[in-house]
Each structure stands twice: as structure tokens, then as C-alpha cells.
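Asks: In order, the protein sequences belong to chains A and C. Under full-length UniProt numbering, think of the first position of the first sequence as 1, with each following residue one higher. Under full-length UniProt numbering, think of the first position of the second sequence as 1, with each following residue one higher.
Quick caveat, the hints were computed from the structure, so don't treat them as lab data. Since the structure is predicted, the reported quantities are computational estimates derived from the model, not experimental observations. By construction, the Cβ of each residue, glycine as well, lies at the ideal position given by its N, Cα and C atoms. A couple of the hints might just be wrong.
Taking lysine-lysine and the DSSO-like style, the derived pairs with C-alpha atoms no more than 30 Å apart in a straight line are [unchecked claim]:
1. 189(A) - 71(C)
2. 180(A) - 108(C)
3. 235(C) - 189(A)
4. 177(C) - 101(A)
5. 180(A) - 206(C)
6. 149(A) - 108(C)
7. 200(A) - 170(C)
8. 170(A) - 237(A)
9. 237(C) - 101(A)
10. 113(A) - 235(C)
11. 170(A) - 161(C)
12. 108(C) - 237(A)
13. 71(C) - 180(A)
14. 200(A) - 56(C)
15. 170(C) - 101(A)
16. 149(A) - 168(C)
17. 237(C) - 149(A)
18. 113(A) - 161(C)
19. 166(C) - 113(A)
20. 170(A) - 166(C)
21. 113(A) - 29(C)
22. 180(A) - 177(C)
23. 189(A) - 237(C)
24. 189(A) - 108(C)
Quick list of the computed label-pair ranges, beta carbon to beta carbon [said to hold, decoys possible]:
25. 146(A) - 181(C): 36 to 42 Å
26. 134(C) - 187(A): 50 to 56 Å
27. 164(C) - 87(A): 32 to 38 Å
28. 80(C) - 198(A): 45 to 51 Å
29. 198(A) - 188(C): 23 to 29 Å
30. 171(A) - 156(C): 24 to 30 Å
31. 239(A) - 156(C): 33 to 39 Å
32. 244(A) - 30(C): 21 to 27 Å
33. 56(C) - 174(A): 38 to 44 Å
34. 145(A) - 200(C): 49 to 55 Å
35. 264(A) - 240(C): 42 to 48 Å
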Amino acid sequence: MVQELLFHQAGASLPTPALHVALQQQPRDENGAGRGRALPGYQRSQGRQDGGPLRAQVLGRRLGASVCPLRVSGGSGDVPILTSEDNIVSQPAKILNFLRKQKYNADYQLSAKQGADTLAYIALLEEKLLPAVLHTFWVENDNYFNVTKPWFASRIPFPLSLILPGRMSKRALNRILLTKGEPPLYHLKEVEAQIYRDAKECLNLLSNRLGTSQFFFGDIPTTLDAYVFGFLAPLYKVHFPKVQLQEHLKQLTNLCRFCDDILSCYFRLSFADG
Amino acid sequence: MSLVAEAFASQVAATEPWPENATLYQQLKGEQILLSDNASSLAVQAFLQMCDLPIKVVCRANAEYMSPSGKVPFIHVGNQVVSELGPIVQFVKAKGHSLSDGLDEVQKAEMKAYMELVNNMLLTAELYLQWCDEATVGEITHSRYGYPYPWPLNHILAYQKQWEVKRKMKAIGWGNKTLDQVLEDVDQCCQALSQRLGTQPYFFNKQPTELDALVFGHLFTILTTQLINDELSEKVKNYSNLLAFCRRIEQNYFEDKERVPLRRKSKTQSEENTLKKRKAKSKLWILVRTLGGSLVKTLPLWRLTNSY
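Given the sequences, and given the hints that come with them, work out the whole structure.
Replies: Right, here's the structure in full:
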């Protein structure tokens, strides 16, 4: 039962696989009984003339990317977007739900407790790691002006490329300040110090949890692995001028090995693009 | 706080033992406190009970403004003021009491993850329900939040707080959620907690930890607070092991105190009105009886005078 899933995105081969959203077919195990093996992705991608071959992949990502859907009508302006026949699904969590309903699920082998652990760790990531990742990409001036903005602007058609990156940056800053910037932290520097501290603690916790095993729940990757990869891979691979968090991540060798494993297994085709 | 300031604060904390007159401040219990604040306050009280540290609960109308971070509850210990469960746990740890020392690294990571889950889902859902659901806002929240203040301040403050909470909800992506989606999230969260708890007495087997205190605070408040409808508490009631868990903690840590019993329902405005009417009626009745009594006593005198 092969469905055609088109994954739209603002630009073609972007420097990191995370924003690529490349759909890849990696049938690791041939008993195709509708079990989503490994990453809940599969399908052959369909190229779209969008400034380059578009490839779509399903991993949960949250980098706050939001671009006007030029080709997808009825979308809410978020990427990644998944279109399948008539459905348009827009946020990572909803995309995963949608795929689960279509019977592509990476969590079959998990016990109930592990499923609960998945939810808890995802909440931990969103609460502790996401503000710092948003800050590194969108708020830190050196990074934003040298890396993120040109990269996004190069993939968005002209008038919007002036507006949208700025809007995304403001939204990221807003989110950080509203959730973390409460008293007794009054100055942006204190907020930044706090969120980076939280993020480093979160990375340490993830590293402790991963230990020496290949994936978080044994030998088979699950939704949690996808989420963690989605957060860590850009942090690990993009070359930033200001690299505080990246340095910390590079010291946690098991997390780096985890990222490299997934990259080499599931992103082989797009690895050549960098 | 910067690293240096934090280190200094914990140094200061470590030198003094826990005093007898430690107090916990929250808003007025019967008329002002809201669902989310009550849950947080109960979580802190449960945590301190589990650590066996004496604490007195004081209700003040301006507790939110007294608190250093703007959130209730906060504790006043010695000459330090600490608010919110996270910093309070660290403060208590600096004083030498800790519930999670026996856990290994992986378990500590899990505990932190589950605490974030509760904060992320349950607390946000409570905030959503009381500030973004128009029916609840109109009937319960506005009048309770503005209770201690005269008109027009009560309306202004309530609207201001509502605007702030709505802005935050929008920033984290909950602005477009419907009530049903929020209740579904609560259900998912309770399911995760129930699966993690299983048949154990506490989340990390035999000893309670701060995670147990936090979960107890939220679930107990949800179960015992009367809102417009019972949808939220119904979601929790579906999981019997969570109900047993709440009951167990209540029995072990709260029922032997002779202060105001924990099991109370916060009243809606209409109930308070009927209570006021009843009190007024009883006063009237007392008045009538005294007047009537005095009339009856004068009766024979009147008859005597008339007979002339």
C-alpha cells in the first residue's frame, strides 16, 4: 500500500537534513506488514519544481519554521507540511498522528511504560532544549545574520525573503521571553544564561539516558529517537559563529554517535548535498 | 539568578537548619485562589510533608504580588523567600533534606522528564481552562481573581491577567486549540502517568519523590474542584490507579493533621451567594426572636393596664 506523499517545503536541499525533510525509502526489514520500520517514513519522494528537487521526510521537527505556502493552498503557513490525496497536515505532532492512523508506526515494540516515557521526554525536550535551540538559530545576532537569515532568504522568493525571516526571529524571541523571561530574571542576558544552562542539563540527561545503547529503546529507533534527532542534528551539523551549545553537544560522544548513525542510515541519499 | 548568586544563596541556606516558623503563602482559600495556583500550592505542601518539615499555611490576598517570581506559592524560611516547586526543592536540598537521593542517574532523568510533562500538559491545560474558556472565565475566574479588590480594579486586574495568559498560550501554540483538544491532551498525560505508575505505590517504587508531590497536587485539585462541568475530573477518574495514588498520599501525609481538612470543594459564586443569604436569614431570625421575646414579656403588663 504505497501512498504518494508529497512533502512541501520552503526550499530544496538545505544544508542540514533536518530542514530537508527528505522522504526516503529504507526498507530495512522486508516483512512489510504495514509496520513502519525504523523511522515512520518511507515513500518515494516526488520532485517538485520549487527551486530544486524537493524531498520529504517525516521526522518530528520543531525549528519554528513558518513560510507562506506558495504551492499549497489551504495550508496554515507552517512547514513541514504533508499532503496526501486531499489531506493537508501541518505540524510535526499532527503529522505523526496522521501517519499512525495510516498504520505507519515506529512504536509497535514499545511497552506501555516506554510509550509514557516517550511523552515525558518529548515534554522535557520542548521545555528545556527548545528555547536554547531557538535562541541559537534565531536570536543570537551573529548566528542569525550570518547563517540562518541568508540561508532561509535564499530559498524564499523575493519579496517574502525580506519579511519572513525577521518575523520568525521575532516569534522565537517572543516565545523565549514569554515562557522563560519571568521575574526574577529581568535582563535578556540572565534569561539567556538560564536557558543555556537548562539546555546543557537537558543534553546531559539525554546522554545519561542513552548510555551505550544504539537507540533510546534498544536496537530499534522509535518516535523519541526521531524527535531527539530532529533537535540535535541541526545543532550538531550547522556551522555557527557562536557555538556554545554545539561545543557542549560535541563533548557528549554518545549523542554525536547517535546522530551520525541516523544520518548515515536514513539520509544517505541526501548526504552528498551536505 | 547568575551562577555565583545561586551558589551564594545555597551556601547561606545550608548554614541554618529548618526553623519552626516557616510559612507558606498562598491566596485566600475559599474565595480567591484558582485551580492552577491551588494545584501548585498543594504540590509544595505535599512535598514538605513528605520531607517531614513543618510549615504553616498563611492565606493572603496579595500573595501573588509578594512572591519574588510572581507565582504562588512561596515559602518564607528564616530570612529567605523562595517560590515555586523547582527552586523550593533545590532550597530544601541545600538544607540537607532530599527525597531523590536514592535514585540513579537514569531515574533522575526520568523524574525530571515526567515533571516537565506534568507542567507542560496538566498545568497548561488548567491555565487554558480557567483563562481561555469563555464560560469558565465569566462564571468563575473573573469573580474569584478580582475578589479582594473594589470596583473597577477587580475587572481591570482580571482582564490584564487574562490577556497575559492568552498571549503566553499563543506563543507556545495552544492559542488555536479547542477545549476538546485540550481535554484530549489531559487524557494523554493521565494515561502516561497511569502507565508509568502501574501497580506501584509511588512513581519510584517505595519512596515518594517530588514527582509524586507534583502529580498529587495537580490530580487532587482537579478531582476536588468544582467547575462548570465535570469533564476535566472525569478524565482523571478513568484511571483507577491514579485515584488510589491520590487517596494513599492524602491518607499518609494529610489526614493526621487536625487543621482545616484538605477535602474541600471551592465554591462557585452562586453557592457563595446562597451561603450569604442563609447567614443573613439566620441573623434576621435571631432578631425576630429577640424582638418577639421582648413583646411577649410586655404582654401581661399591657393587659394589666387595659383592665383599668
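Asks: Has the hinted range 42 to 48 Å been met by the Cβ atoms of residue 264(A) and residue 240(C)?
Replies: 46 Å, holds
Asks: Need the status of pair residue 235(C), residue 189(A): alpha-carbon distance at most 30 Å?
Replies: 41 Å, violated
Asks: Given the hinted pair residue 166(C) and residue 113(A), is their alpha-carbon gap at most 30 Å?
Replies: 33 Å, violated
Asks: Does the Cβ distance between residue 239(A) and residue 156(C) fall inside 33 to 39 Å?
Replies: 50 Å, violated
Asks: Quick check on a hinted range of 24 to 30 Å for residue 171(A) and residue 156(C), using CB atoms only.
Replies: 29 Å, holds
Asks: Within 30 Å, alpha carbon to alpha carbon, are residue 149(A) and residue 108(C)?
Replies: With Cα atoms ~38 Å apart, residue 149(A) and residue 108(C) exceed 30 Å; violated.
Asks: Does residue 206(C) lie within 30 Å of residue 180(A) when you go C-alpha to C-alpha?
Replies: 34 Å, violated
Asks: Check the hint pairing residue 237(C) with residue 101(A) against an upper bound of 30 Å on the C-alpha distance.
Replies: 27 Å, holds
Asks: Is residue 177(C) within 30 Å of residue 101(A), Cα to Cα?
Replies: 20 Å, holds
Asks: Can you confirm whether the C-alpha distance between residue 237(C) and residue 149(A) stays at or below 30 Å?
Replies: Violated, at about 49 Å.
Asks: Decide if the proposed pair is consistent with the structure: residue 189(A) and residue 71(C), CA atoms, cutoff 30 Å inclusive.
Replies: 22 Å, holds
Asks: Quick check on a hinted range of 23 to 29 Å for residue 198(A) and residue 188(C), using CB atoms only.
Replies: 24 Å, holds
The structure fails to meet hints 3, 5, 6, 14, 17, 18, 19, 21, 23, 26, 28, 31, 32 from the earlier list, while all remaining hints are met.
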